[in-house]
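K.L.:
Construct the entire structure; sequences and hints are all you get.
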Amino acid sequence: MALHPAAASILEMMKQLPSAVGPFTVEAFRVGDTQPMPFPKPPVAEVRDLILAGQPARLYHPRPDEKLPVILFLHGGGWVCGNIETHDVTCRALALKAGLPVVSLDYPRAPEHPFPAPLDASYRALAALATVGPNVDASRIAVAGDSAGGNLAAALCLLAKERGGAAIAHQLLIYPVLDTDFSRASYRTNGTDYFLTGAMMRWFWEQYVGDAVDNPPALAAPLRATDLAGLPAATIIAAEYDPLRDEDVAYAERLQAAGVPVRLERVGGVFHGFASMPGVLPPADAALDLAGADLRRAFGL
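Take 22 as the starting number for the sequence shown in my numbering and just add one per residue.
Derived from the structure by calculation, the hints contain no laboratory data. Errors might be hidden in some of the hints.
[Claimed, not checked] Pairs of lysine-lysine residues, derived as DSS-like cross-links and limited to a Cα-Cα distance of at most 27 angstroms, are as follows: (1) Lys88 - Lys62; (2) Lys62 - Lys36; (3) Lys88 - Lys182.
[Claimed, not checked] DEER-style ranges, computed between Cβ atoms: (4) Arg184 - Glu67: 28 to 38 angstroms; (5) Asp235 - Ala206: 11 to 21 angstroms; (6) Gln37 - Glu87: 37 to 47 angstroms; (7) Asp202 - Ala138: 16 to 26 angstroms.
All values reported here derive from a predicted model rather than from experimental measurement. No residue lacks a Cβ here, since even glycine has one placed at the ideal position from N, Cα and C.
P.N.:
Here it is as structure tokens:
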């Protein structure tokens, strides 16, 4: 289907960002960290900054008088950019739509902190969720993330399984980065005109794993993991005009083949990053509504 009209308008604005014009530099990508898009911020009952396992974090609790299962959210940005502020609107919307507290983590970023530093920090945060407060039930956890954050969320599930760590009830992966195969059809059809390009994605990978881009470890590229059995149930949201679309579909298929319950939601008419635009882009609200319902269901709520 054609690009949603609102998505097309936003895409034209995004094409003017320094990171889209090039050349690719850490500084250009981080401009947006201090100038997030001016989308409306839905009010959440409790919003509180904290330190979680040594990293800045923010709690969004829609019902702070209740002790509820918690969602650890990991932001996107190619492991290089993005932070709590860039994903503030997304986390507010997710907390409200799920009716559950969300903890957004500022993990250390590449290239200053390449793989596995962001994943290790996220794992430490997962183990420390009980320190967030008495209205968070750290015995019932879901992980979520978009793009590079979706990569970290998927890798967290693999790592928790490998180490016998926290029991994760659900993984919400929003157009996650999962592999370094740039030859997939979605890279060919969507890799030049929809803000996230194939060249940009390769640059991000280089910042994260250095010269291992062509043969990354499975904890960096979860689609390369050999054994997916026993992982948490997953909701995977894929965007039609996204170079990552085909790897997202492939991961859903592999999880399903391994016996993991999966919902794959293919969202038409949108590009990579669309879920960061609730309140402005209707497909973003619809996708987060679906995600919220799946998260509630994972906890029997």
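K.L.:
Now tell me if each hint is right for this structure.
P.N.:
How the hints compare with the structure:
1. Lys88 - Lys62: Holds. Lys88 to Lys62 sits at ~24 angstroms (cutoff 27 angstroms).
2. Lys62 - Lys36: holds, 23 angstroms
3. Lys88 - Lys182: holds, 26 angstroms
4. Arg184 - Glu67: 28 to 38 angstroms: holds, 31 angstroms
5. Asp235 - Ala206: 11 to 21 angstroms: holds, 19 angstroms
6. Gln37 - Glu87: 37 to 47 angstroms: holds, 43 angstroms
7. Asp202 - Ala138: 16 to 26 angstroms: Holds: the Cβ-Cβ distance is about 24 angstroms, inside 16 to 26 angstroms.
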